[in-house]
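Chemist: Listed below are the residues making up each chain.
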Amino acid sequence: MKKIVVIGAGIAGLEVSKQLLQANLPVTLIEQSSKIGGNIKNYAYLFPDFYNAEDLLNSYQYIITDPNLQLLLNAHVSKIDFSKKIYNVITKDGITIPADAIVIATGYNTFDARLKEEFGYGIYDNVITSVELEQMFKKQEIITPSGKVPERIGFIHCVGSRDAKVSNTYCSRLCCITAIKQAIETKKLLPLVEIFCFYIDLRMYGLLFEDLYLSAQRDYNIQFVRGRLSEASEMIDKKIQIKAEDTLIGRPLQMSADMIVLMVGMEASDFSKQFKYHNDLNVNEHGFFDPINPHNLRNLTAKEGVFLAGTSIGPMSVGETIDHARGTALSVLSYIKSN
Amino acid sequence: MDANIKVSINRIYWSEYIKEIPRDNYFFFRSCIRQTFFPGAEQMFLNILSKNLNLNYKDDPDLTTCTGIGYHSDIIPLETVHTMVARHFSLMNESGYSNFVISCVTTFGVMTEALNMWHEFPETLEKTIENLYKTTKRTFELPKTIAHASDIIYLYRDEIAKQCIYKLINKKTGQPLKGVDHVGCHYAKIFPQHGVGGAEFPKVLSEMIKSWGGEVIDYPARRHCCGFGFRQYFIKETRGYSLTHSQVKFESMEPYQPDFIITNCPGCNMFMDRWQYVIQETTGKVYSVDGNGIPVLTYEEVAAILLGYDPIEIGLFMHQTDVLPLLEKIGVEFDKDRYLSLRSQCIKK
Amino acid sequence: MGDLDFLKVKHLHIDYDKLELDLLNKVLEEEPSFQWCISCGCCTASCSAGNHTTFNVRRISLLLRRGEIESLEKELEKCMLCGKCTLVCPRDIQLRNVVMNIKRNILKYKMILL
Numbered sequence: 001m002k003k004i005v006v007i008g009a010g011i012a013g014l015e016v017s018k019q020l021l022q023a024n025l026p027v028t029l030i031e032q033s034s035k036i037g038g039n040i041k042n043y044a045y046l047f048p049d050f051y052n053a054e055d056l057l058n059s060y061q062y063i064i065t066d067p068n069l070q071l072l073l074n075a076h077v078s079k080i081d082f083s084k085k086i087y088n089v090i091t092k093d094g095i096t097i098p099a100d101a102i103v104i105a106t107g108y109n110t111f112d113a114r115l116k117e118e119f120g121y122g123i124y125d126n127v128i129t130s131v132e133l134e135q136m137f138k139k140q141e142i143i144t145p146s147g148k149v150p151e152r153i154g155f156i157h158c159v160g161s162r163d164a165k166v167s168n169t170y171c172s173r174l175c176c177i178t179a180i181k182q183a184i185e186t187k188k189l190l191p192l193v194e195i196f197c198f199y200i201d202l203r204m205y206g207l208l209f210e211d212l213y214l215s216a217q218r219d220y221n222i223q224f225v226r227g228r229l230s231e232a233s234e235m236i237d238k239k240i241q242i243k244a245e246d247t248l249i250g251r252p253l254q255m256s257a258d259m260i261v262l263m264v265g266m267e268a269s270d271f272s273k274q275f276k277y278h279n280d281l282n283v284n285e286h287g288f289f290d291p292i293n294p295h296n297l298r299n300l301t302a303k304e305g306v307f308l309a310g311t312s313i314g315p316m317s318v319g320e321t322i323d324h325a326r327g328t329a330l331s332v333l334s335y336i337k338s339n
Numbered sequence: 001m002d003a004n005i006k007v008s009i010n011r012i013y014w015s016e017y018i019k020e021i022p023r024d025n026y027f028f029f030r031s032c033i034r035q036t037f038f039p040g041a042e043q044m045f046l047n048i049l050s051k052n053l054n055l056n057y058k059d060d061p062d063l064t065t066c067t068g069i070g071y072h073s074d075i076i077p078l079e080t081v082h083t084m085v086a087r088h089f090s091l092m093n094e095s096g097y098s099n100f101v102i103s104c105v106t107t108f109g110v111m112t113e114a115l116n117m118w119h120e121f122p123e124t125l126e127k128t129i130e131n132l133y134k135t136t137k138r139t140f141e142l143p144k145t146i147a148h149a150s151d152i153i154y155l156y157r158d159e160i161a162k163q164c165i166y167k168l169i170n171k172k173t174g175q176p177l178k179g180v181d182h183v184g185c186h187y188a189k190i191f192p193q194h195g196v197g198g199a200e201f202p203k204v205l206s207e208m209i210k211s212w213g214g215e216v217i218d219y220p221a222r223r224h225c226c227g228f229g230f231r232q233y234f235i236k237e238t239r240g241y242s243l244t245h246s247q248v249k250f251e252s253m254e255p256y257q258p259d260f261i262i263t264n265c266p267g268c269n270m271f272m273d274r275w276q277y278v279i280q281e282t283t284g285k286v287y288s289v290d291g292n293g294i295p296v297l298t299y300e301e302v303a304a305i306l307l308g309y310d311p312i313e314i315g316l317f318m319h320q321t322d323v324l325p326l327l328e329k330i331g332v333e334f335d336k337d338r339y340l341s342l343r344s345q346c347i348k349k
Numbered sequence: 001m002g003d004l005d006f007l008k009v010k011h012l013h014i015d016y017d018k019l020e021l022d023l024l025n026k027v028l029e030e031e032p033s034f035q036w037c038i039s040c041g042c043c044t045a046s047c048s049a050g051n052h053t054t055f056n057v058r059r060i061s062l063l064l065r066r067g068e069i070e071s072l073e074k075e076l077e078k079c080m081l082c083g084k085c086t087l088v089c090p091r092d093i094q095l096r097n098v099v100m101n102i103k104r105n106i107l108k109y110k111m112i113l114l
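Same order as they appear, the protein sequences are chains S, G and B. Sequential numbering of the first sequence, starting at 1, is according to my numbering. Sequential numbering of the second sequence, starting at 1, is according to my numbering. Sequential numbering of the third sequence, starting at 1, is according to my numbering.
Hints are computed from structural coordinates only; laboratory data are not their basis. Take these hints with a grain of salt, some might be off.
Stated by the list, open to error - In silico lysine to any residue, SDA-like type, Cα no more than 20 Å apart, as pairs: (1) LYS238(S) - TYR256(G); (2) LYS276(S) - PRO294(S); (3) LYS329(G) - ASN292(G); (4) LYS165(S) - ASN97(B); (5) LYS103(B) - ASP74(G); (6) LYS243(S) - ASP218(G); (7) LYS74(B) - ARG104(B); (8) LYS243(S) - GLY83(B); (9) LYS178(G) - MET235(S).
Modelling step: build the complete structure from the supplied sequences, incorporating the hints.
Modeler: Below, the structure is given as structure tokens:
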């Protein structure tokens with residue numbers, strides 16, 4: 001029986017496993033944390049339809065009991081040995097798992113906002129990230145870290161994305177729509193709150209995204225300022241002073257807000273970064289794994305029998321990740337068959 | 001992933017940066033203007049080095065200007081600046097020192113800029129060597145370390161704290177005094193790696209305040225320029241920009257009611273001190289509740305007060321915004337009558 | 001007919017076909033990073049000169065691209081070359097060098113016209 005190892009039990013890894021298990025193939029699923037789900041655990045609701053993220057994750061729970069699945073939690077892959085025909089995936093604890101095929105579904109890290117020191121994250125109380133706001137949605141209660149019901153919130157787009165100063169020159173593309181989703185959810189919880197989004201470009205690339213943007217303006221009175229945050233400072237009442245240019249009027253703008261939310265972008269995972277100078281797998285300048293080509297070979301690496309799924313190749317939405325993972329499962333199946 | 005949630009909230013990347021500060025044997029480079037504005041400050045630095053810290057320094061009378069004021073006003077060409085800087089280094093070599101310690105932030109900027117330019121464009125160093133030799137028959141070696149005088153006090157802040165007679169604590173209430181730190185722009189904004197804490201979070205002065213018992217105020221305009229800006233200030237027509245800039249800072253710090261401002265730059269010290277008076281005279285606005293204004297001191301002056309030097313000897317009566325309220329809060333004992341009489345001779349209101 | 005001022009009314013649209021782009025091309029040649037601006041406005045927001053005057057450092061790119069060289073020269077007089085714009089630029093544009101280049105090239109450009 002051919003053995004398949006899937007690294008990462010986020011939704012990409014779960015979807016690949018689910019598809020392969022359906023085809024009666026044994027799968028070893030390796031996850032570094034103590035639970036399955038990966039980054040989706042950070043989200044309460046998904047854009048553009050506010051679908052409950054937990055429901056989506058729960059739809060995968062049943063595969064855990066599948067007798068063909070071997071799930072390894074708290075396991076860090078430290079090395080992959082490509083020297084023999086059957087590869088060996090080796091964990092930090094010294095477990096060696098032989099593999100005929102390997103699926104890399106290691107996902108992404110969110111940007112460490114402390115690197116943008118001028119935005120004050122980790123320094124001023126009322127600067128939070130989009131991930132932390134999502135935790136507040138889970139509790140259905142929005143209170144600033146200094147303990148106040150906010151009257152005005154600033155959403156700061158492109159934090160750690162499109163920024164040469166932190167070496168992330170790519171667009172994370174999901175933060176724009178996430179900001180709009182979060183702004184609407186905030187408004188639903190706090191109808192009186194004033195919301196201002198500071199953006200460079202609004203990238204509403206999905207079919208229903210522009211509708212959500214329109215709804216944000218029309219139904220929720222969310223304001224959009226075309227200008228990137230230049231610096232944030234703390235005021236005496238713990239409010240955050242925002243400085244940006246309103247580029248459309250062409251003048252510098254100052255505003256105080258009870259809280260600012262940094263829309264942190266997606267970064268390559270630590271796992272892919274460790275392959276940056278590796279000869280066997282290609283990692284591109286942004287730290288993500290490079291598929292053979294981005295058109296019809298998006299799931300394949302140049303290394304035979306090694307496949308990619310989900311955000312290990314770049315920022316993707318939940319739906320795109322699942323689609324991509326299904327494609328990967330198909331590629332794995334035909335590889336196993338032909339060998 | 002759980003790992004992405006905040007790990008340690010107060011981690012600032014720059015705070016982990018360590019600047020190399022020499023521990024002894026300083027070649028001291030004076031400021032052009034400080035001795036006229038705040039005559040005791042530089043002397044206090046030297047006193048603290050020799051009397052309190054037992055450190056060795058050389059104060060060379062042959063040193064002249066760094067040309068900073070002329071350079072930033074577009075009067076002196078770059079080649080001249082470089083040749084002058086080279087001459088100072090040459091004098092340092094001659095007396096056998098290699099730790100260049102600078103009193104003025106402008107000079108610090110000029111010298112670090114020269115060093116950087118010589119490093120990035122070696123042809124400018126060649127040219128400087130040639131120019132210096134042609135004009136003075138001198139040669140020179142680059143200093144081993146370059147530090148601002150405030151770096152030295154920062155390095156020995158805890159040692160100074162041990163010797164302090166007073167603390168930055170309100171004697172009556174027992175509460176720590178609230179201090180605003182103002183770091184000169186050319187200290188770390190040109191080359192963050194030359195400043196303790198970098199450009200965004202310079203802590204060279206704030207750590208002194210903390211060590212000496214005070215509380216540091218973080219206000220929105222903390223990192224703003226004081227407004228000195230050589231070109232703006234020298235021409236009367238544009239002097240308003242300079243004043244407005246200082247006003248932005250005062251208005252931003254006012255709600256916190258600071259007890260004092262501490263600076264490490266001659267220009268900042270001068271302007272934050274004098275402009276408060278100008279604003280008071282033109283608009284009637286005073287930025288402290290006691291109607292005095294916020295006293296502005298250099299870090300050496302603060303250190304000297306706490307170490308028990310006589311405020312008159314430090315020359316505190318020369319400040320436009322009266323320092324007396326601060327001295328009273330700290331509870332410094334000195335000849336107040338003499339202080340007031342000297343002050344009435346120097347400062348005409 | 002002299003008191004009929006019909007022809008004194010200026011066209012306000014930018015006639016791209018008649019633009020003088022020599023200066024832009026020269027500046028781009030010397031500082032290619034100038035091409036990469038996404039008009040995010042960080043430079044203007046952090047600009048010391050822009051806080052007290054009408055100077056808008058982001059707009060110099062637009063003025064140059066749209067051939068408004070006259071107003072550009074006046075505009076650049078307000079820049080103090082402090083370099084803060086370069087520090088905050090997410091596209092790593094060497095704005096300080098751009099300003100210096102434009103100044104230098106305007107000077108050359110004028111000398112050719114004379």
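Chemist: The structure should be examined with respect to each hint, and the outcome stated for every one.
Modeler: Consistency of the hints with the structure:
Taking the CA atoms of LYS238(S) and TYR256(G), the gap is near 12 Å; set against the 20 Å cutoff, the hint holds. Between LYS276(S) and PRO294(S) the alpha-carbon distance is near 19 Å, which keeps this suggested pair within the 20 Å criterion. Among the hinted pairs, LYS329(G) with ASN292(G) is consistent with the structure: their alpha-carbon atoms are about 13 Å apart, no more than 20 Å. With a C-alpha separation of about 18 Å, the suggested pair LYS165(S) and ASN97(B) falls inside the 20 Å cut-off, and the hint holds.
Proposed proximity of LYS103(B) and ASP74(G) is supported: the alpha carbons are some 15 Å apart, at most 20 Å. Under the criterion of a C-alpha separation no larger than 20 Å, the hint pairing LYS243(S) with ASP218(G) is consistent with the structure, at around 17 Å. Distance check on the hinted pair: LYS74(B) and ARG104(B) sit about 14 Å apart at the alpha-carbon level, within 20 Å; holds. Taking the CA atoms of LYS243(S) and GLY83(B), the gap is near 17 Å; set against the 20 Å cutoff, the hint holds.
The straight-line distance between the Cα atoms of LYS178(G) and MET235(S) is roughly 16 Å, inside the 20 Å bound, and the hint therefore holds.
Figure legend: structure checked against the earlier numbered hints; every hint is met.
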